[in-house]
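Visitor: Here the protein sequences line up with chains A and B, keeping their order. Using my numbering, the first residue of the first sequence is number 1, and each one after it goes up by one. Using my numbering, the first residue of the second sequence is number 1001, and each one after it goes up by one.
A portion of the hints provided could be inaccurate.
[Unchecked claim] Some chain A residues near chain B, calculated using beta-carbon distances under 8 Å: (1) 40; (2) 43; (3) 81; (4) 128; (5) 133; (6) 185; (7) 278; (8) 279; (9) 283.
No lab work stands behind these hints: they were computed from the structure. Quick reminder that beta carbons are idealized off the backbone N, C-alpha and C, glycines included.
The chain contents come next:
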Amino acid sequence: MAAATSAPSGRRSLTRSSISPGRRARNTLATVLIYLALTFALLPLGFVLYHVVSKGLGVIDGAFLTEELPAQVRGASGGIGPAIAGTLVITGFASLLAVPLGILAAIYLNEYGGKKPVAAVVRFLSNVMAGVPSIVMGLFIFTIYVLHSKDGFSGRAGGLALACLMLPIVIRTTEAMLQLVPDELRHAAYALGTSKSRTIVTVVLPAALPGITSGALLAVARAAGETAPLLFTIGASRQYNWSLSDPNTALSAQIFSNAQTGFPNAIDRAWGAALTLIVLVLLLSTIARVAAARFTVR
Amino acid sequence: MAASTAPAPAAGESRLVRRGPRRADDGFRYLTLAAGLLVLAILALIAWSTTKEALPAFRDEGLGFLTSSRWAPNEGAFGTLAFIYGTFFVSLIALVFAVPASIGIALFITQLAPARVRTVTTFVMDLLAAVPSVVFGLWGVSVLAVAAPGFYESIGSPLAAIPGLGRAFGDPYNGKSFLSAGFIVALMITPIITSITRDVFDTTPGSQKEAALALGATRWEMIRGAVLPHSRAGMIGAVLLGLGRAMGETIAVALVIGSGSQISAELFSSGDALASRIANEFGEATGTWRSGLIGLGVVLFAMTILVNLAANSVVARATKKAG
């Protein structure tokens, strides 16, 4: 780069021309390969988004978004209203569980645990838990909750499974945000005689709040798109159901079951539901990223 | 940091602070500790609860649960080998596609792209990571699998003419195959592997890169001499995390793998992975059949835990060295 400036002298030097053809060819080849990788990865991903938007837009209208599910999957009528309601109820319940618990656990890790062995173990296990497949979370809640509680298949069971999925994500992002809060803030609070718990609640958490919110929203977005944990936990419902105790349905579950049937009308409904779900998820994660970018703790 | 500063105020606190708040202080501390230990409790409960429900099938089959490939629920045969194989085969195909692409994108973002393009690319990759897997599955089953047989035919038949390669492809029956599933999974794990390798590449000390360039290295020589050696451990960790994710991927695979029960190395033939078999059969299963499916979950849980343990320790070691 800088070598180019010495080109005018013309002597054997560090200019580009002094690089042997073989080396230059290898450099060009590598650059081309990198661009190829970029194209080959983004092309199919672009196709996916294109198909979802183009096929989804043709299906979505006011009736589609609000009507109850059709009695016959084959039929052309019916909408996905109950599935939208179900996704909101189930994901909302999961967030109410996982976000506060995750923040508390992260506070322990960063403010109390530090490098103690217990904290190291919890941190390690929460990374491991983040890698547990979502379908296993569904089986777990099926075996421990659906089989033994009087709710059985219910929105609550689905929410529990999603909460298990969200917990490690919330812990990880919150801990990262707490680490960014400068120690001076804590010291200043201690110097004023504030107790440790009070310092955390009134000084540390507010300072990290934007970052924590963004992490929590990312976890919510991830949970809202999940299907596998819901398969064995929420059961099925055709009607609107705002209660946690009864069987419910969700957007992701509707996409899956409609796609499985293969009927053209069902596939259409699946595309419509997919676009609705993507808009919901991208909205959440865009808000999260904008929040994180704008209010990053310095 | 926080740990080292904590004891100092606590020591002086006893004289200055009244008894009440002190107790509240301890209470809060134990509350957060309990939340942390919840992770441990949940992991232990997952292992215990799923294993307990899977016991009937384990007891019926014994070691055959892992070593037999005959899965016939109505005859009481629960051999999972074909699905374990399918899980690894699909993950392997996914990694073959995703790893080079991810490394390429990460190199583009960290070494080639101007700041503006870098931000945009990062943003796009992050958004793609947020696309739900069921959406990829829908695309796979109603776009990819429809177009696939013709495409497979056109690449398969010339290549199959080469002696020895014919066995690697097989018949493109309906587009639902190991290859389709692997390709879809590759799309899903690419953003994950990219974001980790990107972070790892970013930890390469600027001085090493500058030094390589100052010695007259081309950009590629700089990457090969400074960036890649520095990032090797982190890249292995990223691939392992991607593998863990690929093995657990359920919904998309369930839609495009075609639910076969045979062990086959043919890319175009249908098969099944652990997770996809659970998803496809659970609705109709009862009794020992259901506990067999939960048993598949236990096997999958154990496999992903092992892969993730390896990945986390590799990544932890890599970042410790970098920090």
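Visitor: Determine for every hint whether it applies to the structure shown.
Guide: Here is what the structure says about each hint:
1. A least Cβ separation of about 6 Å between residue 40 of chain A and chain B falls short of the 8 Å threshold, and the interface hint therefore holds.
2. Interface hint status for residue 43 of chain A: violated, as the beta-carbon distance to the closest one in chain B is roughly 10 Å, over 8 Å.
3. Because the closest C-beta pair between residue 81 of chain A and chain B is about 19 Å apart, greater than 8 Å, the hint is violated.
4. At about 5 Å, the closest approach between the beta carbon of residue 128 of chain A and any beta carbon in chain B falls short of 8 Å, and the interface hint on this residue holds.
5. Checking residue 133 of chain A against chain B by beta carbon gives a least distance of about 3 Å; that is within 8 Å, so the hint holds.
6. Of the supplied interface hints, the one on residue 185 of chain A is violated, with its beta-carbon coming no nearer than about 11 Å to a beta-carbon of chain B, more than 8 Å.
7. With a cut of 8 Å, the hint placing residue 278 of chain A at the interface with chain B holds, because the nearest CB-to-CB distance is about 6 Å.
8. Against a cut-off of 8 Å between C-beta atoms, the interface hint on residue 279 of chain A is violated, since the closest Cβ of chain B lies about 11 Å away.
9. Because the smallest distance between the Cβ of residue 283 of chain A and any Cβ of chain B comes to about 10 Å, over 8 Å, the interface hint for this residue is violated.
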